[in-house]
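J.: Generate the whole structure from the sequences, applying the supplied hints.
4 protein chains.
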Amino acid sequence: MDGFERRREQKKMNILEAALALFMEYGVQKISIAEIAKKANVSQVTIYNYFDSKHNLVREVFLYYVDKAMDEFDQILNGDIAFPEKIKQIIFTKKETANQIHEDFYQYLMKEYTTGVNYIEKMYVEQIIPRLIDLFNEGKKLGYVDPNVSNEAILFFIQAVHEYIQREDVYQKILPLTEDIMRLMFYGIVGKKEN
Amino acid sequence: MDGFERRREQKKMNILEAALALFMEYGVQKISIAEIAKKANVSQVTIYNYFDSKHNLVREVFLYYVDKAMDEFDQILNGDIAFPEKIKQIIFTKKETANQIHEDFYQYLMKEYTTGVNYIEKMYVEQIIPRLIDLFNEGKKLGYVDPNVSNEAILFFIQAVHEYIQREDVYQKILPLTEDIMRLMFYGIVGKKEN
Amino acid sequence: MDGFERRREQKKMNILEAALALFMEYGVQKISIAEIAKKANVSQVTIYNYFDSKHNLVREVFLYYVDKAMDEFDQILNGDIAFPEKIKQIIFTKKETANQIHEDFYQYLMKEYTTGVNYIEKMYVEQIIPRLIDLFNEGKKLGYVDPNVSNEAILFFIQAVHEYIQREDVYQKILPLTEDIMRLMFYGIVGKKEN
Amino acid sequence: MDGFERRREQKKMNILEAALALFMEYGVQKISIAEIAKKANVSQVTIYNYFDSKHNLVREVFLYYVDKAMDEFDQILNGDIAFPEKIKQIIFTKKETANQIHEDFYQYLMKEYTTGVNYIEKMYVEQIIPRLIDLFNEGKKLGYVDPNVSNEAILFFIQAVHEYIQREDVYQKILPLTEDIMRLMFYGIVGKKEN
DNA sequence: AATGAATGAGGGTTCATTCAT
DNA sequence: GATGAATGAACCCTCATTCAT
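Protein chains in written order, with the working numbering: chain A, 1 to 195; chain B, 1 to 195; chain C, 1 to 195; chain D, 1 to 195.
Some clues are possibly wrong.
What the hints assert, rightly or not - Straight-line Cα separation of at most 30 Å, DSBU-like style, residue types lysine-lysine; simulated pairs:
#1 LYS39/A to LYS54/B
#2 LYS122/C to LYS173/D
#3 LYS192/C to LYS88/D
#4 LYS30/A to LYS122/B
#5 LYS140/B to LYS192/A
#6 LYS12/A to LYS30/B
#7 LYS140/C to LYS38/D
#8 LYS54/C to LYS38/D
#9 LYS54/D to LYS38/C
#10 LYS88/A to LYS88/B
#11 LYS39/D to LYS12/A
To be verified - Part of the chain B face toward chain A, derived, beta carbon under 10 Å:
#12 GLY27
#13 LYS173
#14 MET185
#15 VAL190
Worth flagging that the hints you see were computed from the coordinates, not collected in a lab.
For every residue, glycine included, the Cβ atom is placed at its ideal position computed from N, Cα and C.
T.: Below you can see the structure in the form of structure tokens.
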């Protein structure tokens, strides 16, 4: 990649970052191309030169975001920490990139962008799930996880809690409950049977 | 309430129902006043006569929805069924009124309507939480729930799972996992220690 | 039609007239909705309320024009004048409504509006041609027209000359040649064989 | 002209050809500089380097076209064929370069480019008309043309028919009528008086 | 000389809201 | 009280043209 392309790529990134930030704070439909252009310090038309349409811009912002999120996810999984800590981090990681993307942004995409969603579906199914399943299986082998429980159910559980935590209002409230929540995660509401 | 007022009230309900249905299917911002007017078989101005602005209409639709949801919630709590079953129903109840309201609709309100949110906050804090706490305490007394776990954490857990289930795509996939999920809910990923 | 509808109809006509005048003077693409709105003394949105889109406005303007032109045509055919004079009028009638519509406007329609063109085709084939054929046949019976020449060819000839005359620049130049042209029309370039 | 200039001239021709083709198929206003640049395999700015503005590009394209058309016209006039055949060819020549140029393109120029039109006017008046007049006079001398009819009228007639034929829809329909039309041209609707 | 990148101005269209009946 | 008609503001997008390399 020569200087030309690098500058071009840099500018594209600027626009993506600006758009991502605005979309996540105010939602996709509330944000006009003009606002993105202003935040990214380019003209509206430049955005069109790079992305052709708002529709497509949203799509690319989304893919950009997904890749970013995937990186963060990898760092946890590859980290040199014990199983329970990994689960904890997966659940409680509040991605800087993603404050409330799951609500507004994701919904928007679900309705509008079949291809975009296909991409994340594919990534999710091919990349994330297998690694989590591996993690669970390892947890079962190490005695951390009940072998009678299906990996799908655990997956669902972690997802649910993780996504709920992404909500700003929720996050503030449950931080002090971290330990309790992990306890619930591991031992359920019936609790640990000490013996 | 005389016949006049009743007819007025009826018309208002028509509009609320029309708006609610449209908002939930397409999102708040995608729906124009004109579309609501058409679906409710009234003129746009009539909507303004009743609700003053779209802003306020959304707010009232929301309150209307919350009341409806509260009714359904009450029916579960007052039902004559065992504790675990109540928990199960609270989690898995997919309100007919609310398919994806939590995502798009709720987000929209969170950002736009401080008063609306205050109302739901208030309702939530004053009506729902106390009743759930009572339920949990009863569960603890009956040995269903670990007394060492804070009610807030349980609340959080149930909320998280419940909301996640509201998503249409999720709901379809986890239905077969119901029992596994309840098992996780009660015994955690470590599982039941049989003895 | 009550007062309401009549006013509505009147307003629609205003817009049609304004649009027609502007289209014919400057061409379809040069004229913006804003300009039509200004000339018709309505807001842009009013135009959209009546016509949905510029595309459709053009179409309706066109149909409006065709009907007008047809009326003028009828007046000539039904007039109480001799055959050669009718031919002359058909050729030389420069419709007030249509200065250069055939060039720019018609071309535009040819490329964009299949349905619009179908309408004029139909009108032309079903209404105009039969009446002209009748006229020619009558001319043949009366000895004005060579029976050996096909009506189609005559039709073509009259059309060609008529359309060419519609061009403003042409019209000015050939007015003094009216008699010569009629002579050519009737006797060709070989000329009348006097005997 | 050295190699440098020749290459430059070649590039200019490429652009002219590309623009002409696009203008004739889609009309002047529908075609953007970007499209021409793409078709001619140059950058937009290159077009500006050569032609300064779209306005001027259109003008030059037009002149380019006129010269081409003139060449074709010359070939007919200088051909070694009889008078009636020449008339026939002048009328029925459907220039490959010019399918519908007379409608859209010509109109556009008429309104926008005084200078461009002046050029064609001048060419027309100084080059084409005199040669046609010569042809008619020769025809009169040879007994093909009625000496009583003004050359202007004949000119007008031929022009009218010729232009009308240029329209694609018309051309298809009247091809089978060629002989009839020539008969009308020569003998009028009254027809040949055989004796 | 040639180009990729950038832009100001403008066009069609939509929408929440108001006016007039 | 209810409605059809009307509107100002804003949005997405395009294009001829210029800038910077």
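J.: LYS140/B and LYS192/A were given as a pair; does the straight-line alpha-carbon distance stay at or below 30 Å?
T.: This hinted pair holds, its Cα atoms lying about 14 Å apart.
J.: Given GLY27/B as an interface hint, is the shortest Cβ-Cβ distance to chain A below 10 Å?
T.: Interface hint status for GLY27/B: holds (7 Å vs cutoff 10 Å).
J.: Sort out whether LYS88/B lies within 30 Å of LYS88/A, counting only the CA atoms.
T.: Holds, at roughly 25 Å.
J.: Take a quick look at whether LYS54/D and LYS38/C sit within 30 Å of each other, Cα to Cα.
T.: holds (28 Å)
J.: Quickly compare the C-alpha distance for LYS192/C and LYS88/D to 30 Å and report which way the hint goes.
T.: Distance of about 21 Å is within 30 Å: holds.
J.: Against the 30 Å threshold, does the CA-CA distance of LYS30/A and LYS122/B hold or violate the hint?
T.: Status holds; Cα separation ~28 Å.
J.: Are the Cα atoms of LYS54/C and LYS38/D separated by 30 Å or less?
T.: holds (29 Å)
J.: Holds or violated: LYS39/D with LYS12/A, Cα cutoff 30 Å?
T.: Holds. LYS39/D to LYS12/A sits at ~27 Å (cutoff 30 Å).
J.: Are the Cα positions of LYS122/C and LYS173/D separated by 30 Å at most?
T.: holds (16 Å)
J.: For the hint on VAL190/B, just tell me whether its beta-carbon gets within less than 10 Å of chain A.
T.: Constraint on VAL190/B satisfied, holds at 5 Å.
J.: Regarding the pair LYS140/C and LYS38/D, is the alpha-carbon distance no greater than 30 Å?
T.: violated (57 Å)
J.: Is LYS39/A within 30 Å of LYS54/B, Cα to Cα?
T.: holds (29 Å)
The structure is inconsistent with hint 7 alone, although it conforms to all the rest.
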